[in-house]
Amino acid sequence: MNTTDILTSENKYDLLAGRVPLLLNRFLSQKLKLKGIGLTREQWSVLAILWKEDGCSQQTIADATNRDKPSITRLIDNLVKEGFVSREHHKTDRRTNLIYLTDKGKDIKQSVMEVVNETIDQSTEGLSQEQILIIRDAFQLIYNNIKKYEK
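This note's numbering applies: residue 175 is where the sequence shown begins, and numbers increase by one.
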């Protein structure tokens with residue numbers, strides 16, 4: 175049976191509109207605000223990349239977050255203004271900026287990740303570990319398919 179045969183028009187719309195991811199992002203933003211953490215979900219996504227690998231280029235961050243360069247530039251500008259990151263020229267390629275966490279950017283990691291983990295735990299309440307893995311794998315497959323066909 176073809177998957178399009180089992181998906182109603184409403185199911186297709188929900189999948190394409192990303193209703194659940196949008197709601198999850200809004201939930202995370204609300205929880206960050208309630209905890210007094212002045213970060214947007216978009217800013218958090220940039221910091222999360224730097225928490226894994228500090229000193230990334232803006233292009234690396236753009237690729238990892240699936241954002242265009244102008245969007246990343248604005249996000250990083252705001253993070254610099256708020257003191258979470260610094261921007262430095264690459265030593266050998268002056269056209270490339272490297273983004274580094276400041277102490278403030280490093281120090282906020284634990285409190286942000288507590289909110290992120292709580293948000294995920296509450297959002298996945300009632301799902302078994304197996305169901306969570308199926309969802310993760312399904313989203314990864316959708317992501318891979320889009321990247322394969324994207325121009």
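Keep in mind the hints are simulated off the structure, nothing from the lab. Among the hints, a few may not be true.
Derived lysine to aspartate or glutamate pairs resembling EDC-like cross-links, with alpha carbons at most 16 Å apart [said to hold, decoys possible]:
#1 Lys-205 / Glu-216
#2 Lys-325 / Asp-228
#3 Lys-207 / Glu-292
#4 Lys-205 / Glu-288
#5 Lys-226 / Asp-281
#6 Lys-321 / Glu-227
#7 Lys-209 / Glu-288
#8 Lys-226 / Asp-242
#9 Lys-209 / Asp-277
#10 Lys-278 / Glu-256
#11 Lys-278 / Asp-228
#12 Lys-283 / Glu-227
#13 Lys-283 / Glu-216
#14 Lys-255 / Asp-277
Hint-by-hint comparison with the structure:
Restraint check for Lys-205 and Glu-216: the C-alpha separation of about 14 Å stays at or below 16 Å, so the hint holds. Restraint check for Lys-325 and Asp-228: the C-alpha separation of about 30 Å exceeds 16 Å, so the hint is violated. A distance of roughly 14 Å separates the Cα atoms of Lys-207 and Glu-292; the hinted pair therefore holds under the 16 Å criterion. Proximity of Lys-205 to Glu-288 is assessed by CA-CA distance (about 10 Å); at most 16 Å being required, the pair is judged to hold.
Between the alpha carbons of Lys-226 and Asp-281 the distance comes to roughly 14 Å, so the proposed pair stays at or under 16 Å and holds. Restraint check for Lys-321 and Glu-227: the C-alpha separation of about 23 Å exceeds 16 Å, so the hint is violated. For the given pair, Lys-209 sits about 10 Å from Glu-288 by alpha-carbon distance, which is consistent with the 16 Å threshold. Proximity of Lys-226 to Asp-242 is assessed by CA-CA distance (about 20 Å); at most 16 Å being required, the pair is judged violated.
At most 16 Å may separate the alpha-carbon atoms for a hinted pair to count; Lys-209 and Asp-277 exceed this at roughly 20 Å. A distance of roughly 9 Å separates the Cα atoms of Lys-278 and Glu-256; the hinted pair therefore holds under the 16 Å criterion. Straight-line distance between C-alpha atoms of Lys-278 and Asp-228 comes to about 13 Å, which keeps the hinted pair within the 16 Å bound. For a cut-off of 16 Å, the pair hint linking Lys-283 to Glu-227 stands: about 13 Å separates their Cα positions.
Taken as a hint, the Lys-283 and Glu-216 pair is honoured in the structure, with Cα atoms around 15 Å apart against an allowance of 16 Å. For the given pair, Lys-255 sits about 14 Å from Asp-277 by alpha-carbon distance, which is consistent with the 16 Å threshold.
When each numbered hint is compared with the structure, violations occur for hints 2, 6, 8, 9.
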